[in-house]
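Visitor: Okay, so the sequence shown: first residue is 1385 according to our numbering, each after it adds one.
Bear in mind the hints are in silico, worked out from the structure with no lab data behind them. Among the hints, a few may not be true.
To be verified - Straight-line alpha carbon distances no greater than 35 angstroms define the calculated DSBU-like cross-link-like pairs of lysine-lysine that follow:
| id | residue 1 | residue 2 |
| --- | --- | --- |
| 1 | K1448 | K1509 |
| 2 | K1451 | K1547 |
| 3 | K1391 | K1694 |
| 4 | K1477 | K1509 |
| 5 | K1547 | K1454 |
| 6 | K1690 | K1454 |
| 7 | K1509 | K1454 |
| 8 | K1523 | K1475 |
What the hints assert, rightly or not - Taking CB as the label site, the calculated pair distances span:
| id | residue 1 | residue 2 | range |
| --- | --- | --- | --- |
| 9 | A1655 | V1468 | 39 to 47 angstroms |
| 10 | D1621 | P1681 | 51 to 59 angstroms |
| 11 | V1468 | K1723 | 25 to 33 angstroms |
| 12 | E1480 | K1731 | 32 to 40 angstroms |
| 13 | D1735 | E1541 | 22 to 30 angstroms |
| 14 | L1699 | I1445 | 30 to 38 angstroms |
Just so we're clear, the structure is a prediction, and the values are computed from it rather than from any experiment. In this text, a Cβ means the ideal position worked out from N, Cα and C, and glycines have one as well.
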Amino acid sequence: MTETREKVLEIRDLNITFNTAAGPVHAIRGVDIDLYPGQTLAIVGESGSGKSVTMKAAMGILAKNAKVDKGTILYTYRQDNGNVKTVDILKMKKQELRYHINGKRIAMIFQDPMTSLNPTMTIGKQITEGMLWHKRANKTEAWRKAVKLLEEVGIPEPEKRMKNYPHQFSGGMRQRVVIAIALACDPDLLICDEPTTALDVTIQAKILELIKRIQKERGISVIYITHDLGVVAKVADYVDVMYAGKIVEKGTVEDIFYDPRHPYTWGLLSAMPDLDTSDERLYTIPGTPPNLLRETPGDAFAPRNKYALKIDKRLDPPMFKVSDTHYAATWLLHERAPKVEIPAELKARIDRMLKGGGVNA
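Work out the full structure: start from the sequences and follow the hints.
Guide: This is the structure we're talking about:
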């Protein structure tokens, strides 16, 4: 990326291995991510591609059997005294992370609100908890701000609802409460891990609009972890496509939707439901994701890629530059590679998207 502003988050060459009973799993393989102030980045890919693990590493909340083999996660923030500070999350002690970063400056919204909320505590207590700990707010101030937050996320009768328990809310309302908790300490980075998966489509749209509105009002940066390209089209500025623990394509949302270059991205876009498609059945990417217990040489996507070249079985492709904002890790972009056209049905779909007003229409 060509921007010169201070980055909020810069991940470089991140490699993570999980020690399992079956052997070591190299789950994250050389991931690079850049995020700037006020931007929305979407990390997309199938389940098990490494999206959530990467962001849990950025939060310092990896599982006990995870080992960071190498890499840096640089997070830049403004301290309470106004000075700008950059820290490497991977070098911080757990106590430092809990006190200075988690919840206070980087907050995370998980896909199932019931796993985030304590069923034995009132909603009010759960929202004020972070403020009392991180901000050293007094109880009256914290209570007042919590009521305002509930109002901000669209919960009616916030004063009354503060005394309710999680089971007294609907799924959509619980997710709004989780958003209120995440915003309680005024973070400058919000990580949303499949925040709308468990919700129906009407509530999903409201939650996405709510996050967008709050982001605009507060000027915070947002990272979405999702497999749903429909969500990506609505919210993202930039997109990183992940496969088998590696980013295989990255660019602006327009780059990825209008000019995709990696066959895996072609497959993801082709699998999106489309009322105007001529296909009788919804497209699916053939095969299954690789078993990272048994790493094989070459491109991990090669066994599922009908456009794979001989070199794909021997060498993992580097990131090729398409433009200043667009990169893809596929040998098809090598100057000596044969010319492979984007699938005809996907090209027709992109043309329909452009005629309909674009990805955000």
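Visitor: Please go over all the hints and tell whether each is borne out by the structure.
Guide: Quick rundown of the hints versus the structure:
With a CA separation close to 29 angstroms, the supplied pair K1448 and K1509 stays within the 35 angstroms bound. Restraint check for K1451 and K1547: the C-alpha separation of about 41 angstroms exceeds 35 angstroms, so the hint is violated. Of the pairs offered as hints, the one joining K1391 and K1694 is violated, with about 39 angstroms between alpha carbons and a cut-off of 35 angstroms exceeded. For the hint linking K1477 to K1509, the alpha-carbon distance of about 27 angstroms falls within 35 angstroms, and the restraint holds.
Between K1547 and K1454 the alpha-carbon distance is near 46 angstroms, which puts this suggested pair outside the 35 angstroms criterion. About 33 angstroms separates the Cα atoms of K1690 and K1454, which keeps this hinted pair within 35 angstroms; it holds. Under the criterion of a C-alpha separation no larger than 35 angstroms, the hint pairing K1509 with K1454 is inconsistent with the structure, at around 39 angstroms. Distance restraint check for K1523 and K1475: the Cα-Cα separation of roughly 34 angstroms lies within the 35 angstroms cut-off, and the hinted pair is therefore satisfied.
Judged by the Cβ atoms, the range 39 to 47 angstroms given for A1655 and V1468 holds: they are separated by roughly 42 angstroms. At roughly 35 angstroms, the beta carbons of D1621 and P1681 sit outside the given window of 51 to 59 angstroms. Remark: the range hint 25 to 33 angstroms for V1468 to K1723 is contradicted by a beta-carbon distance near 47 angstroms. In this structure, E1480 and K1731 break the distance hint of 32 to 40 angstroms, their C-beta atoms being roughly 50 angstroms apart.
Against the hinted window of 22 to 30 angstroms, the Cβ-Cβ separation of D1735 and E1541 comes to about 49 angstroms, which falls outside the hint. The supplied range of 30 to 38 angstroms is met by L1699 and I1445, whose beta-carbon atoms lie about 34 angstroms from each other.
Taken one by one, the earlier hints fail for this structure at numbers 2, 3, 5, 7, 10, 11, 12, 13, listed in ascending order.
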